[in-house]
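Those protein sequences? They're chains A and B, same order as listed.
For what it's worth, my numbering labels the leading residue of the first sequence as 1, then goes sequentially.
For what it's worth, my numbering labels the leading residue of the second sequence as 1, then goes sequentially.
Fair warning: there could be bad hints in the mix.
Below, computed lysine-lysine pairings styled on DSBU-like, alpha-carbon distance capped at 35 Å [what the hints assert, rightly or not]:
id	chain 1	residue 1	chain 2	residue 2
1	A	Lys108	B	Lys192
2	A	Lys134	A	Lys108
3	A	Lys108	B	Lys17
Hints are computed from structural coordinates only; laboratory data are not their basis.
Note that this is a predicted model, so its numbers are computed, not measured.
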Amino acid sequence: MLTKRIIACLDVTNGRVVKGVQFVDLVDAGDPAALARRHAESGADEVVLLDITATSDARPILIDVVRRTAREIFVPFAVGGGVRSLADAAALFDAGADKITINSAAVKDPSLITQIAERFGSQAVVLAIDAKRKIDADQYDSIARGSEVYVAGGRRATGRNVHDWAREVEDRGAGEIMLTSMDRDGTRAGFDCPLTSAVAQLVNIPVIASGGAGNGQHFVDVFKEGHADAALAASIFHFGIHDVRELKAQLQREGIPMRLPC
Amino acid sequence: MITVVDYRAGNLASVQKALRHLGYESQVTDNPEVVRRSPRIILPGVGHFSSTQRIADLGVNDAIREVVARGVPFLGICVGMQWLYEGSTEAPDVTGLGTFAGMVERFPDDPAHKVPHVGWNQLTRVPGTESRLLRDIPDGSFVYYTHSYRGPVVPGVVATTNYAGDFAAVVERDNVFGVQFHPEKSGETGLKMLRNFCEVNA
């Protein structure tokens, strides 16, 4: 049976992990390569490294960090932050990324999605959508229409609604959507299940839920009620759950198919 | 030395990285003469079946046919495995190697099963078949998939996976091996399979 994926996320700035797990026994707890390896060994189905300040600093992502991290892991490895062109994407694939995630650059030039998908395959293109519910979200016929797409790390509204944008990126060749709820991100109040569910049923490509995880039950909810295909875990490991394997065991007990043993 | 055939279908870095991790040297080539001299060959690939037309354009298909007939171990991954069938409805004008019978087809339209099939799914051994590639790989092991087309379950299929029906996960006949999933992305299970391939006697 196809399992639901738990994706370990490392937020990196200046080559150091700033959010994510700080394992006490790692000599260098901020090293992305060491942390990625630890996550993969503890059962993460995928690892994503996001250079969270590359876009706002208007600098390229740190290729060397990607290369060192890719060398350590043999599960799918996605990289994002600051990908602006086909050449940027090509450099990341060459450094060992399996997938790239794009957001701002795709909104600015949606043809970039198709360019990367045609050269490297749709499976290599993860479209990140940072979504925020509009003040009058309940006036719309769907939550996805009532939510707006943001770029530049959530700093700039685009005027696009999530419904239309999700459809468009699928048509243009994106292979997956990573949907982050800005309303929930950092709150530990749980994923935005209604929004995740709306998008998951709108498109035929996998939807990765992100933003708001605070405990294991939140993952149960986003898979059962949110119909997510995968869920992102970052800071949750600070708050009582020891590692990915423990989280997956809890989800399996709740009847959610997981890759276990792993 | 493992030869990795480059026909510009995606990303070769991760296959090479996995081989290096296992202690095997590899070389990337699109030159049929290099293929002819190779003791062991991997044909990776992601994306569209039409990209395999380039294997013929480069003259590499004839070279592969020759070395495979001589008993050189050959492993196709993802689209590289699909190419071992007669062809694919994704690009009907492009012919495959035809080691395994039948056509690769798209997953059926079915609201309960998204296409592409992305993620970790399980291997089920086909009863009564032998496999050198799957030596020491337990039934039910998880591997990582990302694909929209799949090979039919025909003679030579030694393991299947279920997603909107059973499809070919692993094909094997003598020195010819193929896997629909990505062993280089399938954790310890995948690394063990790559090691098995690298250790198969020619």
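Hints not upheld, ascending by number
1
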